[in-house]
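Going line by line, the protein sequences match chains F and R. Residue numbering for the first sequence is 1 to 201, as defined by the working numbering. Residue numbering for the second sequence is 1001 to 1329, as defined by the working numbering.
Take the hints with a grain of salt, since some may be wrong.
Said to hold, decoys possible - Not everything, but these chain F residues come out facing chain R in the computed CB check (under 10 Å):
1. E9
2. Y33
3. P35
4. P37
5. F68
6. I95
7. W104
8. I105
9. P113
10. A160
11. S168
12. T170
To be verified - As a list, the in silico DSSO-like pairs of lysine-lysine whose alpha-carbon atoms are at most 27 Å apart:
13. F:K167 / R:K1166
14. F:K8 / F:K138
15. F:K112 / R:K1186
16. F:K112 / R:K1327
17. R:K1062 / R:K1166
18. F:K167 / R:K1289
These aren't lab readings, by the way, just hints derived from the structure by calculation. Note that the Cβ used here is the ideal one computed from N, Cα and C, for glycine as well.
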Amino acid sequence: MRAFWDRKEKPFVLIVFLLPFLWMFGSLLLGQYFPDPGKLLMRLSGIWACVFVAVALSVTPLMSLQRFRVLSRYRRFLGLSAFFYSVLHLVIYLILFAGLSWRWIRSDLVEKPYIYAGVLALAILFALAATSTKKMMKRLGRNWKRLHRLVYLAAIAIGAHLWWQVKSDTSLAIIFSLVFAALLGYRIAVNRKRLRNMLSS
Amino acid sequence: MLIKHKKRSDCSENDVTDQSVYLNRRQFMKVTGGTALGLGLGNAFAALQSGNPLVPPQPLEKAFNNIAETSYGSGETVAPYDVATSYNNFYEFGYGKDDPAEKSGSLQTRPWTITVEGEAEVTGVFELDDIIKQAALEERIYRLRCVEAWSMVIPWVGIPLADVLKKFKPTSKAKYVYFETLLDPKQMPGQRGRSIDWPYREGLRIDEAMNPLALLSVGMYGSILPNQNGAPVRLVVPWKYGFKSIKSIVKIRFVETMPITTWNTLAPNEYGFYANVNPQVDHPRWSQKEERRLPSGVLFPNVIETAMFNGYEEEVADLYAGMDLKKNY
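In isolation and in its complexed conformation, chain F is listed as follows (with noise of 0.2 Å):
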């Protein structure tokens, strides 16, 4: 756990992170959400994980630049937000809009297929989260970064989650497929050499 708070402002750094949830609860409680708090905090809580998950994918990008070489410190804090944000939104969906009905959330993830991308991605970042600290860095030395790719599939699942509920209104799966797109698409291009040499070998 040193290791996790390394840095004296690390814990302000935390709250920043935490402020849209703190706004969210609070909205909620004061009824900002009235009457169907459940739909809106559904795509509420998923558009902050979608941009957490995006601000995390930039932190490569922008290492490039001096000025963010900052970021990298913060990697690992934006990684384990968009997790936060993903289980927060599974929670908002169990409780405000499912009312935990069991009926009604076993035929959701028994049938509909959004439902599996979204369980994909966040069963990834599970994985990543759980996989965070040091200790599991240095114990699964060169796999850990393999590991870790991952996150680009769960990127991709994210969008597919997005596409496939989309009623008429693209707006958003628009925006968040363009920035994965273009996050994925840096990376391969800067990779394109050693991805042709994987594919040809």
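Dock chain R against chain F, hints included.
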């Protein structure tokens, strides 16, 4: 008890502004009870309004002062007026649930005409005021089940759709009735968006339209419709998902073949022409077995089982005798 006292005083303020409120005292009591339930956690929503503050225009005063009560929906807990008028799907004003309440001020609801055409003996352009004045207004408390798995109970004011349609004397060729919403991006800013092919279109089979449950609504909560709820005239088809209940109607056409309808065109595998409330047929992307009856409590929703035909099986099941409702969803 404290909360109830507060609510009562809210109501009495409204009494001053609106005469029809008096007629609906019975409902007010129910609304009050419902709000207290919805509160769950104290008085966060103490400011909720229960009655309709809108005043009917002078030519319609008489009609709205003589709304006949009906037995429909007795025993149901009516949604507070503020809830029913601030949580709407009316994409002509935006995709958000609060967009219609915020952006529908630009809609001009008077004068309003309805064009009647197609397979009927009486066709032409009719003044909505005349249609209302010639009819007897009824109040009907109906459950409204949205295809998005939430529901509300609304006290509508209107005319049985059959009474209106019969006046136009549909011919034997009139197998379906087609309805159209106003098309005017200046009044309905959401129509500037291109993702839907405006105007909004809906339709019913003629026997569905003639069913006594189908209502041509011109008001709610004892007075006229607020813009965000489909003013000045809309359909209410309570055994079907909410999107069938087309708002701000300007055209009625009697036709021989099944008409094109908006949501069915957008996603035919998700939204059928019939769109009957049916817990056995899920939306491809979410379950229809349960619904959140709004308003939800602060930290927990009011989840109830969805009933076949939204609980109106007795009245409408005959219409679909012998039909495979899994295919004709």
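Comparing the hints with the structure gives:
no., hint, result
1, E9, "34 Å, violated"
2, Y33, "9 Å, holds"
3, P35, "3 Å, holds"
4, P37, "6 Å, holds"
5, F68, "34 Å, violated"
6, I95, "7 Å, holds"
7, W104, "4 Å, holds"
8, I105, "9 Å, holds"
9, P113, "8 Å, holds"
10, A160, "12 Å, violated"
11, S168, "5 Å, holds"
12, T170, "7 Å, holds"
13, F:K167 / R:K1166, "36 Å, violated"
14, F:K8 / F:K138, "24 Å, holds"
15, F:K112 / R:K1186, "39 Å, violated"
16, F:K112 / R:K1327, "19 Å, holds"
17, R:K1062 / R:K1166, "23 Å, holds"
18, F:K167 / R:K1289, "19 Å, holds"
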